[in-house]
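Put together the whole structure using the sequences plus the hints.
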Amino acid sequence: MRLCIGLLCALLGGAPAIAQSLAGAPVEKVAGGFRFIEGPAWSREGFLIFSDITGDRLHKFVPGVGVSVIAENVGQPNGNTYDAEGRRYTCLGRERRVVRTSKDGSVAVLAERFEGRRFNAPNDIVVRRDGHVYFTDPAFGRHNERRELDFHGVYHVAPDGRLEAVARWTTRPNGVALSPDGRVLYVADSDARLVRAYDLDAAGTASNERIVIDGIAGVPDGLRTDDTGNLYVAGREIYAFAPGGRFLGALALPETPANLAFGGTDLRTLFVTARTGLYRVSLAARGALQY
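Residue numbering for the sequence shown follows this note's numbering, starting at 1 and increasing by one per position.
What the hints contain is simulated information worked out from the structure, not anything from laboratory work. All residues carry an ideal CB built from backbone N, CA and C; glycine is no exception. One thing to keep in mind: the hints can contain errors.
Each pair of labels, with its calculated beta carbon distance range [what the hints assert, rightly or not]:
{"no.": "1", "residue 1": "Arg236", "residue 2": "Arg142", "range": "16 to 26 Å"}
{"no.": "2", "residue 1": "Glu115", "residue 2": "Gly32", "range": "40 to 50 Å"}
{"no.": "3", "residue 1": "Arg286", "residue 2": "Lys103", "range": "20 to 30 Å"}
{"no.": "4", "residue 1": "Gly75", "residue 2": "Gly32", "range": "20 to 30 Å"}
{"no.": "5", "residue 1": "Val65", "residue 2": "Ser207", "range": "40 to 50 Å"}
{"no.": "6", "residue 1": "Val65", "residue 2": "Asp150", "range": "45 to 55 Å"}
{"no.": "7", "residue 1": "Asp199", "residue 2": "Gly161", "range": "19 to 29 Å"}
{"no.": "8", "residue 1": "Gly131", "residue 2": "Gly75", "range": "19 to 29 Å"}
{"no.": "9", "residue 1": "Pro26", "residue 2": "Arg146", "range": "40 to 50 Å"}
{"no.": "10", "residue 1": "Thr256", "residue 2": "Arg94", "range": "22 to 32 Å"}
{"no.": "11", "residue 1": "Val30", "residue 2": "Asn73", "range": "21 to 31 Å"}
{"no.": "12", "residue 1": "Gly141", "residue 2": "Glu72", "range": "20 to 30 Å"}
Written as structure tokens, this is what we have:
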């Protein structure tokens with residue numbers, strides 16, 4: 001299904017050529033019939049993976065080929081990402097852990113406890129090019145009933161395995177993304193309807209928490225950046241903002257978006273997981289691959 005719409009009319013700092021290319025761009029429904037999909041991540045090997053949380057499956061989409069199931073009954077998968085070695089990282093809500101799957105299929109538990117207590121339900125994850133990992137751990141719905149931690153955390157796992165809390169929120173963190181240079185961590189706050197940012201140093205340590213975007217319509221979830229540093233937020237629609245937080249425009253879809261990822265051979269295709277459907281749209285902007 002293709003739906004032509006107007007979108008992001010002032011995107012990327014108002015660059016006229018890009019704005020004109022976006023106006024009326026076709027949004028294509030790639031696949032549907034899922035239960036609730038999340039966690040899109042593009043592999044350098046030329047495919048997209050995403051999670052069906054309710055269906056407890058991981059799916060793979062190969063352009064020109066289609067969608068297939070690559071894992072079932074894995075523990076309620078949510079956010080996914082890759083590292084520079086091609087290893088896949090997955091947040092497992094029901095299992096309350098973060099796992100890493102190597103290219104040979106072996107699975108290692110990256111993190112499952114903090115200060116002796118189990119996580120709430122790891123949600124979204126990103127890996128910096130130098131191997132530093134950041135993930136969120138909110139408690140939504142039934143996960144709130146089994147909490148062992150008295151806060152909703154944003155965490156950092158160093159390459160040597162050291163785990164630390166970047167932040168301990170009373171509100172619930174959700175999507176995460178890095179600036180193109182890896183020096184800024186962005187975290188969506190679903191309860192406060194905003195995005196916070198942290199500066200990251202060479203050791204991966206976060207500091208200078210601040211609000212960069214406020215008043216987001218809907219529930220802010222997934223985040224991504226393009227190679228110029230603009231930030232894309234999945235809320236009621238897909239919203240685009242300049243690095244300083246200035247609103248640039250919005251992209252509407254047939255279903256409410258949950259998460260998004262740049263992909264394709266040139267990273268100019270925006271894939272969006274939206275409830276029961278996977279969508280894509282070609283953009284003039286080039287995505288910042290997160291690893």
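### Query
Which of the listed hints are broken here?
Per hint list: zero violations.
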